[in-house]
Amino acid sequence: MSKLLDPAFWSMSGYAVFVWGSFGLTVAVYLWNWLAPQRRRREILESVTEE
Amino acid sequence: MWTWFHRLASPPSFYRLAERLAPWLGAASLLLLLGGWIDGLMFAPADYQQKDAFRIIYVHVPTAAVSLSLYSAMAVAGVVAVIWRIKLAECAMMAIAPVGASMTAVALITGMLWGKPMWGAYWVWDARLTSELVLLFLYLGVIGLYQAFDDPRAGARACALLAIVGAVNVPIVKFSVEWWNSLHQGSTLLKMGKPTMSAAMAGPLYAALAGTMLFCAYAVLRRMQNELLVRERGTRWVGELQRAQAVDDRSASV
Amino acid sequence: MTKRQTRMVAVAGLIFGLGVAAALAFTAFRKNMMYFYTPSDLVAHTVPEDAKIRVGGLVVAGTVLRADDLDVRFTLADCEQTVPVRYRGILPDLFREGQGIVATGRMASDGAFVADEVLAKHDENYMPPDLKEALTTADGRHSCAPFKSVTGASPAVAG
Chain A
8 MSKLLDPAFW
18 SMSGYAVFVW
28 GSFGLTVAVY
38 LWNWLAPQRR
48 RREILESVTE
58 E
Chain B
151 MWTWFHRLAS
161 PPSFYRLAER
171 LAPWLGAASL
181 LLLLGGWIDG
191 LMFAPADYQQ
201 KDAFRIIYVH
211 VPTAAVSLSL
221 YSAMAVAGVV
231 AVIWRIKLAE
241 CAMMAIAPVG
251 ASMTAVALIT
261 GMLWGKPMWG
271 AYWVWDARLT
281 SELVLLFLYL
291 GVIGLYQAFD
301 DPRAGARACA
311 LLAIVGAVNV
321 PIVKFSVEWW
331 NSLHQGSTLL
341 KMGKPTMSAA
351 MAGPLYAALA
361 GTMLFCAYAV
371 LRRMQNELLV
381 RERGTRWVGE
391 LQRAQAVDDR
401 SASV
Chain C
9 MTKRQTRMVA
19 VAGLIFGLGV
29 AAALAFTAFR
39 KNMMYFYTPS
49 DLVAHTVPED
59 AKIRVGGLVV
69 AGTVLRADDL
79 DVRFTLADCE
89 QTVPVRYRGI
99 LPDLFREGQG
109 IVATGRMASD
119 GAFVADEVLA
129 KHDENYMPPD
139 LKEALTTADG
149 RHSCAPFKSV
159 TGASPAVAG
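Chains as they are written, first to last, in our numbering: chain A, 8 to 58; chain B, 151 to 404; chain C, 9 to 167.
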């Protein structure tokens with residue numbers, strides 16, 4: 008856990024923007040792939056019950 | 151054998167199978183991804199040349215690998231859809247395309263974020279980068295073509311042909327670093343014999359790769375379920391699901 | 009033939025045709041998709057002066073000379089030949105002796121390559137610092153194998 012308080016860990020030997028940027032983007036896209044189908048399913052199931 | 155196969159390929163039973171399978175795939179992928187990425191970011195040693203910048207490999211290589219395997223799966227589903235006219239294969243194609251496109255985009259952008267600090271440039275037009283960009287356009291082409299059709303079955307068949315034709319690009323991406331000289335390095339995963347990566351660095355990579363594969367399987371199954379629901383709208387099994395959903399909503403709002 | 013068999017034949021024909029077309033295109037355009045020339049290519053063939061080209065190779069250990077902050081001269085080698093390079097500008101973080109690089113520029117009349125961009129080409133090996141000896145030769149050089157000749161005159165032999 009002490010690693011999380013170490014600024015050297017977060018600075019990624021000076022490449023923080025590139026490393027954290029890559030991981031941040033990847034996590035965001037994975038989340039989208041996880042959530043978008045769920046929302047779509049709700050939409051589909053609810054759309055026809057109203058008809 | 152064939153009756154079993156047909157029963158599996160029938161929309162309601164496939165939907166139910168996916169419903170049972172998906173949570174397990176999702177949970178396993180979550181564990182592997184969290185484990186691989188935390189291990190890769192915090193505990194794998196830094197590279198002797200690239201220092202901590204090499205850690206981008208843990209998101210770049212898994213997404214690049216699945217961008218190719220998803221395309222191959224989409225092309226195979228396309229062949230099945232064209233020859234046997236199996237609806238489920240059409241749904242699989244159309245479910246794979248957005249997942250594959252997003253993985254390709256992530257592979258390209260993380261590659262750029264890795265290229266800038268290490269190579270000195272975000273982008274170069276060498277064989278590997280160019281063919282991976284073509285892969286993204288093929289995925290986007292399949293998605294766009296499908297939306298241009300009113301009839302989903304005719305649309306899926308047109309997409310299948312595009313997917314099959316585009317499959318020539320898959321070996322080009324994969325072997326580009328061997329057939330041509332390029333700025334991109336060779337494959338770390340498939341090199342036999344010689345040391346390419348120390349065990350402490352390779353472990354998280356394999357975990358992230360396995361996690362990404364399972365995650366894509368999960369995402370594709372979920373999208374296939376949606377595709378089936380839309381196409382089977384008005385049938386009894388979809389109606390039952392809709393009533394169940396309405397009951398859920400009412401009890402949630404109480 | 010049933011309709012399904014007809015479709016099967018059509019798809020098989022499509023895949024076969026694509027394969028043949030791809031193989032033909034590959035042999036015809038292979039050279040054009042090479043990203044850079046090697047020092048061997050430059051030695052074996054006269055490249056017109058002022059033609060903008062790329063050359064890739066390893067920075068030979070002990071040849072890097074820095075005149076001031078930005079001016080640098082070094083020798084670039086593949087498995088067989090060498091070519092002198094002059095460059096003025098910012099070098100990538102990974103630039104060092106023994107490192108693979110790809111330089112963009114022109115051949116000068118004195119036989120040197122004048123670069124206006126230098127990119128680092130690292131390999132697919134990743135190691136912690138204490139294990140790196142497994143990867144490089146005694147003089148700190150990386151493998152010259154990734155620098156494939158465009159004209160096919162060289163490498164691959166010396167690994």
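No wet-lab data here; the hints were simulated from the structure. Just so it is clear, CB atoms sit at the ideal spot from N, CA and C, and this is done for glycine as well. One thing to keep in mind: the hints can contain errors.
As the list claims (entries may be wrong) - Below are the BS3-like pairs computed for lysine-lysine, each with C-alpha atoms no more than 25 Å apart in a straight line:
no.: 1; chain 1: B; residue 1: Lys-324; chain 2: C; residue 2: Lys-39
no.: 2; chain 1: C; residue 1: Lys-11; chain 2: B; residue 2: Lys-266
no.: 3; chain 1: C; residue 1: Lys-60; chain 2: B; residue 2: Lys-266
no.: 4; chain 1: B; residue 1: Lys-201; chain 2: B; residue 2: Lys-266
no.: 5; chain 1: C; residue 1: Lys-11; chain 2: B; residue 2: Lys-237
no.: 6; chain 1: C; residue 1: Lys-39; chain 2: C; residue 2: Lys-60
no.: 7; chain 1: B; residue 1: Lys-324; chain 2: B; residue 2: Lys-237
no.: 8; chain 1: B; residue 1: Lys-201; chain 2: C; residue 2: Lys-39
no.: 9; chain 1: B; residue 1: Lys-201; chain 2: A; residue 2: Lys-10
What the hints assert, rightly or not - Some chain B residues close to chain C (C-beta under 8 Å, calculated; not the full set):
no.: 10; residue: His-156
no.: 11; residue: Ser-160
no.: 12; residue: Gln-199
no.: 13; residue: Ala-271
no.: 14; residue: Val-318
no.: 15; residue: Ala-349
Q) Looking at the structure, which of the earlier hints fail to hold? A) 2, 7, 8, 10, 11, 15
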